[in-house]
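*Asks:* Listed here are the chains, written in short residue letters.
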Amino acid sequence: MSQPHDKTPVTDSSHALPAAGESSAGHAHHASEKPHPTWKQYKWVALILTLITVIEVWVYYIPSFVASRLFVPSLLIMSAIKFAIVVMFYMHLRYDHKLFKVLFTGPLIIAITSLIALMFLFGQVAVRLS
Amino acid sequence: MHYTTTGLDNRKIAIWAFIGSECMLFMSLISTYLIYKGKSIVGPYPHDSWTDPMTGRVFHGILDIPVTSASTFVLLMSSLTMVLALAAVQNRHVPKHSFGDRLLGSSKTWLFTTALLGAVFLGFQAFEFTAFVNEGLTIRTNLFGSTFFTLTGFHGAHVSAGVLWLLTLLAIDFKRGLQPSDEMAVDLCALYWHFVDVIWIAIFTLIYLIR
Numbered sequence: 001m002s003q004p005h006d007k008t009p010v011t012d013s014s015h016a017l018p019a020a021g022e023s024s025a026g027h028a029h030h031a032s033e034k035p036h037p038t039w040k041q042y043k044w045v046a047l048i049l050t051l052i053t054v055i056e057v058w059v060y061y062i063p064s065f066v067a068s069r070l071f072v073p074s075l076l077i078m079s080a081i082k083f084a085i086v087v088m089f090y091m092h093l094r095y096d097h098k099l100f101k102v103l104f105t106g107p108l109i110i111a112i113t114s115l116i117a118l119m120f121l122f123g124q125v126a127v128r129l130s
Numbered sequence: 001m002h003y004t005t006t007g008l009d010n011r012k013i014a015i016w017a018f019i020g021s022e023c024m025l026f027m028s029l030i031s032t033y034l035i036y037k038g039k040s041i042v043g044p045y046p047h048d049s050w051t052d053p054m055t056g057r058v059f060h061g062i063l064d065i066p067v068t069s070a071s072t073f074v075l076l077m078s079s080l081t082m083v084l085a086l087a088a089v090q091n092r093h094v095p096k097h098s099f100g101d102r103l104l105g106s107s108k109t110w111l112f113t114t115a116l117l118g119a120v121f122l123g124f125q126a127f128e129f130t131a132f133v134n135e136g137l138t139i140r141t142n143l144f145g146s147t148f149f150t151l152t153g154f155h156g157a158h159v160s161a162g163v164l165w166l167l168t169l170l171a172i173d174f175k176r177g178l179q180p181s182d183e184m185a186v187d188l189c190a191l192y193w194h195f196v197d198v199i200w201i202a203i204f205t206l207i208y209l210i211r
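Line order of the protein sequences matches chains A and B.
When we follow the working numbering, the leftmost residue of the first sequence carries the number 1, and every step to the right adds one.
When we follow the working numbering, the leftmost residue of the second sequence carries the number 1, and every step to the right adds one.
Accuracy of the hints is not assured; some may be wrong.
Unchecked claim - Derived, one-sided and incomplete: chain B residues facing chain A with beta-carbon distance under 7 angstroms:
{"#": "1", "residue": "Leu34"}
{"#": "2", "residue": "Leu63"}
{"#": "3", "residue": "Val67"}
{"#": "4", "residue": "Ser79"}
What the hints assert, rightly or not - Rough simulated footprint, nothing fancy, chain B against chain A, three-plus residues with beta-carbon under 8 angstroms:
{"#": "5", "segment": "42-53"}
{"#": "6", "segment": "67-79"}
{"#": "7", "segment": "82-89"}
{"#": "8", "segment": "101-113"}
Stated by the list, open to error - Derived Cβ-Cβ restraints for the label pairs, each shown as a range:
{"#": "9", "chain 1": "A", "residue 1": "Met119", "chain 2": "B", "residue 2": "Ala161", "range": "43 to 53 angstroms"}
{"#": "10", "chain 1": "A", "residue 1": "Ile109", "chain 2": "B", "residue 2": "Phe154", "range": "17 to 27 angstroms"}
{"#": "11", "chain 1": "A", "residue 1": "Ile77", "chain 2": "B", "residue 2": "Thr5", "range": "33 to 43 angstroms"}
It is worth saying that the hints were derived from the structure and are not from the lab.
By construction, the Cβ of each residue, glycine as well, lies at the ideal position given by its N, Cα and C atoms.
The whole structure should be built from the sequences, with the hints applied where relevant.
*Replies:* Printed below as a string of structure tokens:
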């Protein structure tokens, strides 16, 4: 029978940003964990998020684009990319334990599915059956 | 240490479960906004102009995209300063030789900056709410007002809680200094803060930009 407390604790605490040549000493790394982003990567993430936000606002002020069919899908895609980047890199979900991914993506999928279903039932894309 | 049979810290499991449940809360608020979108009988409206037949007063689209874009940028930058605060706690014992290294490697600097950016975001929200009320839009005016103030008000309340959490950590840091053993406490706060940012990313697109 397995002893629960014999398991090696997983420290999800390896988020340190060691500069080149430094190590985040004192922080054990679980075998399944990937190395976390560096300071340089965080700067790139911030830059990409800012650029996407600038593009979102820019397209909002182009009347011909707003009138086109591409407007809403492009904004939704850009927003989804920003959402995913923050969750994967800033919240470290890309590097963390699978259980955390399940705890987050499970409710998120339920929420998005409910949103889509409600939009079809009552929203602007409601299906009228009469 | 609070490790479970999964080998994971139970506080971190709890915060992820909490964040998952918060996703469902905010999605229900966003759903309500989207369902009632365009169904207000009287103005003001978010993007379109409207003339009050009783007074003849003309209302323009009420959402102020430049101001909200600025507040969105502020919140995005606060996520960057939050990861730097966490990194500063983890690297507390790495020697820092210059004043610049000490300043940029200080958790106090980044926790304070994150809390300040959060407060600036709340200031933008207070400015926006005040402008809307002056324009004649309150939570009781129409369906847009009810759903908009409920959704953004809930988000603002979450940001306020995050700022208080950050200030608590900052007070601990000033009192006894945050140690590498405290990094889980900072990590939990960071996860909550990034979640608040992520929700705003969705709100900014769905409520402010999509007409």
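*Asks:* Compare the structure with each hint and give your call.
*Replies:* Here's how the hints hold up against the structure:
The beta carbon of Leu34(B) comes within 5 angstroms of a beta carbon in chain A, closer than 7 angstroms, and the hint placing it at the interface holds. Hint status for Leu63(B) relative to chain A: violated, with the closest Cβ pair at about 10 angstroms, above 7 angstroms. Here the hint on Val67(B) is broken, as its CB sits about 11 angstroms from the closest CB of chain A, past 7 angstroms. The interface hint given for Ser79(B) is met, as the beta carbon of that residue sits about 5 angstroms from the closest beta carbon of chain A, less than 7 angstroms.
Under a criterion of three residues with beta carbons nearer than 8 angstroms to beta carbons of chain B, the stated coverage of the segment 42-53 of chain A is upheld, 7 such residues being counted. Residue count for the segment 67-79 of chain A with a Cβ under 8 angstroms from a Cβ of chain B: 6. That meets the three needed, and the coverage hint holds. Judged by the Cβ-Cβ criterion of 8 angstroms, the segment 82-89 of chain A is covered by chain B as claimed, because 4 of its residues qualify and three suffice. Counting residues of the segment 101-113 of chain A whose C-beta sits closer than 8 angstroms to any C-beta of chain B gives 8, which meets the bar of three, so the coverage hint holds.
The supplied range of 43 to 53 angstroms is broken by Met119(A) and Ala161(B), whose beta-carbon atoms lie about 29 angstroms from each other. For Ile109(A) and Phe154(B), the Cβ-Cβ distance of about 22 angstroms falls inside the hinted range of 17 to 27 angstroms, so the restraint holds. The supplied range of 33 to 43 angstroms is met by Ile77(A) and Thr5(B), whose beta-carbon atoms lie about 40 angstroms from each other.
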